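Participant: Put together the whole structure using the sequences plus the hints.
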Amino acid sequence: MRKQYEALKPKYDIIQSIVARRIELSLSQRELARLIGMHQPAICRIERGDNNITVGTLFKVADALNLDIEFKPRSVTEA
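Number 56 in the numbering used here belongs to position 56 of the sequence shown; there are no gaps in the numbering.
BS3-like mimics (lysine-lysine), calculated; alpha carbons at most 27 Å apart, straight line:
| no. | residue 1 | residue 2 |
| --- | --- | --- |
| 1 | Lys60 | Lys72 |
| 2 | Lys60 | Lys9 |
| 3 | Lys72 | Lys11 |
| 4 | Lys3 | Lys72 |
If you anchor each label on the Cβ, the simulated ranges turn out as follows:
| no. | residue 1 | residue 2 | range |
| --- | --- | --- | --- |
| 5 | Arg34 | Tyr5 | 30 to 36 Å |
| 6 | Arg30 | Pro73 | 33 to 39 Å |
| 7 | Pro41 | Ser75 | 34 to 40 Å |
| 8 | Lys9 | Asn51 | 16 to 22 Å |
| 9 | Glu31 | Met1 | 36 to 42 Å |
| 10 | Glu31 | Ser75 | 32 to 38 Å |
| 11 | Arg45 | Ile69 | 17 to 23 Å |
These aren't lab readings, by the way, just hints derived from the structure by calculation. Since the model is a prediction, treat every value here as computed from it, not as a measurement. All C-beta atoms, glycine included, are put in the ideal place defined by N, C-alpha and C.
Facilitator: Written out as structure tokens, the structure is:
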């Protein structure tokens with residue numbers, strides 16, 4: 001069960017960052033969608049984690065929300 005959680009955690013951390021930043025900027029899903037040339041239901045699906053978005057879409061969302069995308073090395077843990 002822990003491995004499943006660890007596998008999904010990065011995805012949900014990204015989603016949480018997107019939602020928190022959108023709210024911080026007082027943007028509705030519709031407004032964010034308009035900024036990146038999508039429809040509101042697509043933003044809803046992204047925020048629910050219902051679909052896998054493309055790297056291009058992730059960069060559009062990050063740009064619209066003025067977020068950086070950062071890759072960090074994982075910490076090494078023993079099993």
